[in-house]
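Trainee: In the numbering used here, the protein residues as written are 14 to 294.
These are calculated hints, taken from the structure and not from any lab test.
Take the hints with a grain of salt, since some may be wrong.
As the list claims (entries may be wrong) - In silico DSS-like cross-links for lysine-lysine, where the CA-CA straight-line distance does not exceed 25 angstroms:
hint, residue 1, residue 2
1, Lys133, Lys143
2, Lys56, Lys104
3, Lys126, Lys143
Said to hold, decoys possible - Quick list of the computed label-pair ranges, beta carbon to beta carbon:
hint, residue 1, residue 2, range
4, Gly47, Leu140, 57 to 65 angstroms
5, Ala263, Gly47, 49 to 57 angstroms
6, Asp274, Gln88, 33 to 41 angstroms
Being a predicted model, the structure only gives us computed values, none of them experimental.
For glycine and all other residues, C-beta sits at the position ideal for the given N, C-alpha and C.
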Amino acid sequence: MNIHPSRNITTANSSVGGDAVAHLTGIDLIYGSGSSQVEVLQKINLELKPDDFVCVLGSSGCGKTTLLRILAGYQRPTNGSVTVEGKAHTKPDPKVGVVFQRPNLFPWSTIAKNVEFGPKMRGSTKLERKQRVSYYLDMVGLTHAAKLLPHQLSGGMLQRAAIARTLAADPRLILMDEPFGALDALTRESMQIQLKGIWERTHKTIFFITHDVEEALLLATRIIVMHAHPGRIVQDIVNPFARQLGTESAAQLRSTREFVDLREHLVASIHEPQRASVAVV
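Please take these sequences and the hints and turn them into a complete structure.
Mentor: Now the structure itself:
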């Protein structure tokens with residue numbers, strides 16, 4: 014692996030291929046007008062492909078969550094377009110699932126009923142719903158909690174339930190906004206390993222926002238770095254350490270020169286907006 018400076022952004026998937034799950038093209042977001050105008054996002058171009066696990070890094074206020082909201086269909090850009098599986102995407106759609114930092118489960122419903130919600134809204138039969146609930150609760154290790162209410166679960170279990178509910182709706186793209194940010198270190202690492210396993214089994218495309226550089230290096234196939242004022246993508250890096258989390262070599266990986274170099278580069282890049290972009294070969 015070589016890291017070398019470049020004046021241009023290195024884009025991992027820059028070609029516009031027909032197999033893309035989602036495209037963002039020329040996305041601008043501007044609030045206000047005249048002297049009070051604020052440019053929140055500027056010329057965002059991004060392609061998400063099948064089996065991508067894209068982690069987004071950047072300082073607070075750089076537009077990461079705003080970009081996720083546009084991808085989710087919760088917010089429309091001022092300029093530009095979003096497509097999901099080749100079709101215009103301007104409002105929430107079952108093809109796109111969202112997992113937030115705070116699990117937004119229905120507090121009055123059991124975990125099983127929460128997971129059943131998506132398939133029910135899509136018109137699945139009772140048998141299909143039962144099968145999907147059973148399958149995804151088993152996938153996240155919560156079969157035993159099916160009849161419990163959300164307040165009876167720990168933070169990590171709640172997030173697993175939220176992931177199961179999202180998966181049960183069968184989205185093509187899953188957006189995750191710092192889903193493990195509120196968890197303690199041990200639970201967070203356990204959840205990271207579990208999410209990696211789920212991604213490898215389901216082959217969903219994942220767009221994952223995080224402030225944790227090491228989390229990005231251990232989870233992502235691609236790492237995007239954003240800068241603020243206005244929010245823009247300055248790096249799109251193919252991660253040479255993808256799929257290592259949970260393996261026997263993961264502990265040793267953290268101390269290798271290559272891992273440390275890229276981690277330090279990413280940290281510096283986040284905090285030094287004028288730093289040159291890098292290419293990872």
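Trainee: Look at each hint and say if it fits the structure.
Mentor: A quick look at each hint next to the structure:
no., hint, verdict
1, Lys133 <-> Lys143, "holds, 10 angstroms"
2, Lys56 <-> Lys104, "holds, 20 angstroms"
3, Lys126 <-> Lys143, "holds, 10 angstroms"
4, Gly47 <-> Leu140: 57 to 65 angstroms, "holds, 59 angstroms"
5, Ala263 <-> Gly47: 49 to 57 angstroms, "holds, 52 angstroms"
6, Asp274 <-> Gln88: 33 to 41 angstroms, "holds, 37 angstroms"
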